[in-house]
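**Q** Take a look at the letters that make up each chain.
Protein chains: 2
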Amino acid sequence: MSNKKVGKQTIMLENAPAIIGVASIVGPKEGQGPLKDYFDLIINDMYFQEKSWEKAERKMMKEAVEMAIKNSKLPYDAVEYFIAGDLLNQIISAGYTARDIGIPFLGIYGACSTMSEGLALGAMIVDGGFAENVVVATSSHFCTAERQFRFPLELGNQRPPTAQTTVTGAGAAVISLKNDNPRITFITIGKVIDMGQKNPNDMGSAMAPAAVDTIFRHFEDTKRSPDYYDLIVTGDLASIGKDIAEDLLKEKGLDISNKYSDCGLMIFSPNQDVHAGGSGCGCAATVFCGYIYKEMKKGRFNKVLLVATGALMSTTSTQQGESIPCIAHAVAIENL
Amino acid sequence: MSNKKVGKQTIMLENAPAIIGVASIVGPKEGQGPLKDYFDLIINDMYFQEKSWEKAERKMMKEAVEMAIKNSKLPYDAVEYFIAGDLLNQIISAGYTARDIGIPFLGIYGACSTMSEGLALGAMIVDGGFAENVVVATSSHFCTAERQFRFPLELGNQRPPTAQTTVTGAGAAVISLKNDNPRITFITIGKVIDMGQKNPNDMGSAMAPAAVDTIFRHFEDTKRSPDYYDLIVTGDLASIGKDIAEDLLKEKGLDISNKYSDCGLMIFSPNQDVHAGGSGCGCAATVFCGYIYKEMKKGRFNKVLLVATGALMSTTSTQQGESIPCIAHAVAIENL
Numbered sequence: 237m238s239n240k241k242v243g244k245q246t247i248m249l250e251n252a253p254a255i256i257g258v259a260s261i262v263g264p265k266e267g268q269g270p271l272k273d274y275f276d277l278i279i280n281d282m283y284f285q286e287k288s289w290e291k292a293e294r295k296m297m298k299e300a301v302e303m304a305i306k307n308s309k310l311p312y313d314a315v316e317y318f319i320a321g322d323l324l325n326q327i328i329s330a331g332y333t334a335r336d337i338g339i340p341f342l343g344i345y346g347a348c349s350t351m352s353e354g355l356a357l358g359a360m361i362v363d364g365g366f367a368e369n370v371v372v373a374t375s376s377h378f379c380t381a382e383r384q385f386r387f388p389l390e391l392g393n394q395r396p397p398t399a400q401t402t403v404t405g406a407g408a409a410v411i412s413l414k415n416d417n418p419r420i421t422f423i424t425i426g427k428v429i430d431m432g433q434k435n436p437n438d439m440g441s442a443m444a445p446a447a448v449d450t451i452f453r454h455f456e457d458t459k460r461s462p463d464y465y466d467l468i469v470t471g472d473l474a475s476i477g478k479d480i481a482e483d484l485l486k487e488k489g490l491d492i493s494n495k496y497s498d499c500g501l502m503i504f505s506p507n508q509d510v511h512a513g514g515s516g517c518g519c520a521a522t523v524f525c526g527y528i529y530k531e532m533k534k535g536r537f538n539k540v541l542l543v544a545t546g547a548l549m550s551t552t553s554t555q556q557g558e559s560i561p562c563i564a565h566a567v568a569i570e571n572l
Numbered sequence: 237m238s239n240k241k242v243g244k245q246t247i248m249l250e251n252a253p254a255i256i257g258v259a260s261i262v263g264p265k266e267g268q269g270p271l272k273d274y275f276d277l278i279i280n281d282m283y284f285q286e287k288s289w290e291k292a293e294r295k296m297m298k299e300a301v302e303m304a305i306k307n308s309k310l311p312y313d314a315v316e317y318f319i320a321g322d323l324l325n326q327i328i329s330a331g332y333t334a335r336d337i338g339i340p341f342l343g344i345y346g347a348c349s350t351m352s353e354g355l356a357l358g359a360m361i362v363d364g365g366f367a368e369n370v371v372v373a374t375s376s377h378f379c380t381a382e383r384q385f386r387f388p389l390e391l392g393n394q395r396p397p398t399a400q401t402t403v404t405g406a407g408a409a410v411i412s413l414k415n416d417n418p419r420i421t422f423i424t425i426g427k428v429i430d431m432g433q434k435n436p437n438d439m440g441s442a443m444a445p446a447a448v449d450t451i452f453r454h455f456e457d458t459k460r461s462p463d464y465y466d467l468i469v470t471g472d473l474a475s476i477g478k479d480i481a482e483d484l485l486k487e488k489g490l491d492i493s494n495k496y497s498d499c500g501l502m503i504f505s506p507n508q509d510v511h512a513g514g515s516g517c518g519c520a521a522t523v524f525c526g527y528i529y530k531e532m533k534k535g536r537f538n539k540v541l542l543v544a545t546g547a548l549m550s551t552t553s554t555q556q557g558e559s560i561p562c563i564a565h566a567v568a569i570e571n572l
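Listed in order, the protein sequences are those of chains E and X. Going by the numbering used here, the first residue of the first sequence is number 237, and it counts up by one from there. Going by the numbering used here, the first residue of the second sequence is number 237, and it counts up by one from there.
Hints should not be assumed to be uniformly reliable.
Note that identical chains are pooled: a pair holds if it fits in a single copy or bridges any two copies.
What the hints assert, rightly or not - Once the Cα atoms are required to be at most 30 angstroms apart in a straight line, the calculated DSS-like pairs of lysine-lysine come out as:
#, residue 1, residue 2
1, Lys495, Lys530
2, Lys241, Lys414
3, Lys434, Lys287
4, Lys240, Lys414
5, Lys488, Lys434
6, Lys414, Lys244
To be clear, the hints were calculated from the coordinates, so they are not data collected in a lab. Bear in mind the structure is a predicted one, so any value in this text is a computation, not a measurement.
Work out the full structure: start from the sequences and follow the hints.
**A** Written out as structure tokens, the structure is:
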């Protein structure tokens, strides 16, 4: 076994790459939520002055990437790879952003786990000495996701209370070999877990077992206890999934409840009519690049375990009667 | 700059990870083509005994992965990560395969460049010491791709002569730290190139400039000349794109014509009514895992540059009048 491997699924990053610059852009609803003061830009118009929601989404991603690089204080051409993905078919937000920014591109897809997957791959590429600086990004948009995965918004369909609200937002982070804080120290790459749930209007329940599997594995592999972290945060399990995850972990003898939060619950307040809470690639991305990162820089959080969660179904797989395969990747981010 | 970086976009893999086992599965048409004797399995039924083409595609991927691991002679649980993607929305072939095989999963999307992207990421993960063994896979299926990207097959639409035929097939490769041949020595990660082409029925022309950019960059970065390689092979430019790529490279002073081939031209013979030639993630994957790898083991090819090419548009981006952003990643595979 490699000496960088800890336990079964966890990698220790010897050089602990730093996150040296981040940016987050969100939509109007997120800009009225409890984290509104943490975002770099709040757009007031779901079209962001573009002709379609898809073009608006990729404009958010592009501007977040450019802002993160600017915030990192690196010259633009020092960023060697762009690692990104999003929810749209063929990850077009990432693909067109890659075209516009001109940085060599590695496209990824992990549904709403994309921010963790990107940070994990970016950290390995930097830690392994294959690049000094990479930028990772992801995005989602309420209107593009609704029309692709559910119904055209114009239909005005009702949504059940278990449904989540896709976050309109983009987050980007520059990972570097520099000796700065916060640093990425461990990553636990998740397995796909599918407990047979088939309801695309209840993603939190579907994803909870994947989060549980990865969180449990992370603590087994690292021999850490939940007390080690100031914050353990899942991506977008929202109210129903978070409770399930907490209960399932307790059944396995792991009580994370006094450290545990979920980005889908943090980004909106319950009176914003968001049903179970937030979801989408942009949820974990903007909460991390907005709130968590900035509170780490201030020293309020020093040890964070970010566990973005993704549901890997498509409309075709749902129509063909398949259950929802889910995944979660854990990234330990620490002030050293 | 990192000491593993060569020139602007190329990475030198110090440990030169080996490809220790591969497998390829193809459909009936590919099984009648010139490479038919190189594939591990030819399916006679486009449904592969499943209820839908999508389920058939993921069954091909799953069986290819299991066969590649078997051919690598590794115990199943020695394979630490599964890196895969495919053309279907939300890469469901890869997602469901990951669920069924139970290996920690990193989802990628590079359209038809996926095999190169997977080999590049897998090689970095192994070379960097983050894993000893990983498996990389991709797939495509003529019927799933036609109905997702173009028209339902039942309509019987005519296709123009520039159109390509999506390969039905899956390829998988196990990458390992072992001291075996062939080895992955250099990777050149591509930029997204978009020359304004908007016709999704002429992907070869759209992708050719991306292939040219990456091939040119590879030779600039490594200071190698095309003579170094026994074979330079693009993924699926097919007849029109291959000619364009050759011409554009000549204009840049690089003549690769006597070493150059394209998987989309190799997998079918012109009398198979495939228009410009083959395409799809499965094209480069099965030609590499079938023909090229086996000829490298025999020593007929000792130095190969595999440049899988991808077109990163979606039906939505095409409907919104966008041009086609394209990418190519180059992977140097050598008997050392």
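**Q** Each hint should be assessed against the structure and marked as holding or not.
**A** Right, here's what the structure says about each hint:
With identical chains, the CA atoms of Lys495 and Lys530 are at most 30 angstroms apart within one copy only, with a shortest distance of 18 angstroms there and 53 angstroms across copies. With identical chains, the CA atoms of Lys241 and Lys414 are at most 30 angstroms apart both within one copy (23 angstroms) and between copies (17 angstroms). For the identical chains of this complex, Lys434 and Lys287 are inter-copy neighbours only, at 18 angstroms across copies versus 34 angstroms inside a copy, given an alpha-carbon limit of 30 angstroms. In this homomeric assembly, Lys240 and Lys414 come within 30 angstroms of each other (Cα to Cα) both inside a single copy, at 20 angstroms, and across copies, at 17 angstroms.
Proximity of Lys488 to Lys434 under the C-alpha cut-off of 30 angstroms is restricted to the intra-copy arrangement: shortest distance 25 angstroms within a copy versus 53 angstroms between copies. For a Cα distance limit of 30 angstroms, the shortest separation of Lys414 from Lys244 qualifies both inside one copy, at 28 angstroms, and across copies, at 20 angstroms.
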